[in-house]
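K.L.:
Those protein sequences? They're chains R and W, same order as listed. If you read the first sequence in our numbering, its first letter stands for residue 840, the second for the next number, and so on. If you read the second sequence in our numbering, its first letter stands for residue 42, the second for the next number, and so on.
None of these hints come from the bench; they were simulated from the model. There may be inaccurate statements among the hints.
Here are the simulated DMTMM-like pairs of lysine to aspartate or glutamate, each with C-alpha atoms no more than 20 Å apart in a straight line [stated by the list, open to error]:
| no. | chain 1 | residue 1 | chain 2 | residue 2 |
| --- | --- | --- | --- | --- |
| 1 | W | K152 | R | E1021 |
| 2 | R | K1012 | W | D130 |
| 3 | R | K1026 | W | E230 |
A few chain W residues that face chain R, going by a derived Cβ cut-off under 10 Å, partial list only [as the list claims (entries may be wrong)]:
| no. | residue |
| --- | --- |
| 4 | G119 |
| 5 | A125 |
| 6 | F131 |
| 7 | A132 |
| 8 | G190 |
| 9 | R260 |
C-beta atoms are modelled at their ideal positions from N, C-alpha and C, and glycine is treated no differently.
Each chain, letter by letter, is given below.
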Amino acid sequence: MSELSKAVTTGSTSIPAKKKRKSMISPAVTYPVITVVIILGIWEIFGQIGMIDTFIFNWPSNIIASIWQFMANGAVFEHLLTSFIELAIGFALALIGIPIGLALGYWRKLDYAFDPIIIALYTTPVIALTPLFILWFGLGLLSKIMMVFTMSIFPILINTTAGVKTTDTSLIKAARSYGATELQLFKEVIFPSSMSYIVTGIRLAIGRAMIAVVVAEMLASTQGIGYAIRHASELFKTGEYLGYVAVLMVISVVLNQLLKVLERKIAPWRF
Amino acid sequence: MAQAVPVLDFHQLNVIYNEGEPNQVHALNNVSAKVYPGEFISIIGPSGCGKSTLLHTLDGLNRPSAGKIYIDGVEVNGPGGDRAMVFQDFALMPWHTVFDNIAFGLRLERKSKSEIQEKVMHYIRMVGLDGFESKYPHQLSGGMKQRVGIARAFAVEPKILLMDEPFSAIDEQTREIMQEEVLKLMLHEKKTVIFITHSIDEAVFLSNRIFLMSVRPGRIVEELTIDIPYPRTLETKLLPEYQDYKSQVWNHLKGEVKRQYQRGEA
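Let's have the full structure, built from the sequences with the hints guiding it.
P.N.:
Structure, rendered in structure tokens:
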């Protein structure tokens, strides 16, 4: 009798607890986590049974150990700081793309005039100019800053222009009807309407800016995350090498997600 | 209701799009009328007859190719605070709250914060949106969106309200309620209204005069006075003369639509 009642009480408490856990974590989170864990697990097993040559590749536990090491001795933070400075300055300069994009979107003739140049520069892999930039601007920060600038200005500019062009004409009409001057039209309608496009441009530009920094540092530098990657690979320290790549990956994923959240915050009606 | 001085007087308005080019369109042809204070005028006609063009021209969004517009006897060119427009597709700023959307015209006029606060709250209450001031347009139903549009127009305290098929994107039941409300507001606030519509019922119910327009190039071909006293309620629709007026408008429209059909435009 007492055992039965115990079973009933434990049963009744465990069932709602299970239900609660199910509703707390959505499959949108659990499924990708499971996939990643399985892939990492298989990768690790392949490494442990000796099927991976550490001269050319490595496996998760070794990579994590390297990450632990360069985090503990602080080397990674110095490299990250250098790269961050180059990225921040270059990116801040590239924000000039916003006013240029606004102007191009608003004055159609200006857009006609510059469109071919912008498209050409946007679609050619500007990254190929890195050696030239190093010749022009030296081995230090400046060449990386200029590379970041050149790579990231175009997505910002092009998205801003698109944002202006897609401004709902009936909103422009409404603003004019209520007596908006040209300047008010910009401030009250065109700029806020383009805001979410501008953030999309910034999100795309950050990816390109990171490529620019890493490639420029790999080619010619003594500091920064790109240099660290090249240095480790030259010494065939594949664990460390992949560790730095993993750090880069985590940073770009986090930045990208943050900006996606920002896009939704700025223009909830678009999503 | 008619008084000696018209609040709005437009004279020989012509609008020609792409003038002198092969795709030239003669949208309005010598359109003239006088509108007196407190009148509710509906403009009805077959689609593509230039009703919206006429309204936009009166607002100042379009420049007439020829003709003049006078408000209280003074010629106007371009938009002004004496007219305010309510749009068919609401045209609310999606990044602004209900409050900021209603404040839109006042902000453009650089009114003081306290004045904006006071007027906006007044008109929010008037259209029955109290409690919704911090909602965004995408959180509202069509009927509520248009209440915001109407409050925005009232907030600049214009003499003339220009309404461009304001209820055509709103469901039938809400529309009937809003027609009655607009009528009440207009009588209470003593506004003059120019109202574009497709709906014969809406035109007869709301107006003291209806301008009937022809197919393109648009002209006012007939003017019908609806002699049913205000205030009108939904019971008004049951009066026999109400039905008579509706069939009069319909007979005219039928003729115009047939002409358009014969020209292969419908």
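K.L.:
Take the hints in turn and mark each one as holding or not.
P.N.:
Cross-check of the supplied hints:
Our distance criterion of 20 Å between C-alpha atoms is met by K152 of chain W and E1021 of chain R, whose separation comes to about 18 Å. A distance of roughly 11 Å separates the Cα atoms of K1012 of chain R and D130 of chain W; the hinted pair therefore holds under the 20 Å criterion. Note on K1026 of chain R and E230 of chain W: the hinted pairing is violated, with a Cα-Cα distance of about 32 Å set against a maximum of 20 Å. This hint holds: G119 of chain W has a C-beta 9 Å from the nearest C-beta of chain R, less than the 10 Å allowed.
Contact between A125 of chain W and chain R, as hinted, is supported at the beta carbon level, the nearest pair being about 7 Å apart and thus within 10 Å. The beta carbon of F131 of chain W comes within 8 Å of a beta carbon in chain R, closer than 10 Å, and the hint placing it at the interface holds. Interface hint status for A132 of chain W: upheld, as the beta-carbon distance to the closest one in chain R is roughly 4 Å, under 10 Å. Using the Cβ-Cβ criterion of 10 Å, the hint placing G190 of chain W at the interface with chain R is satisfied: the shortest such distance is roughly 9 Å.
Interface restraint check for R260 of chain W: the shortest CB-CB distance to chain R comes to about 25 Å, outside 10 Å, so the restraint is violated.
Hint violations for this structure: numbers 3 and 9, all remaining hints satisfied.
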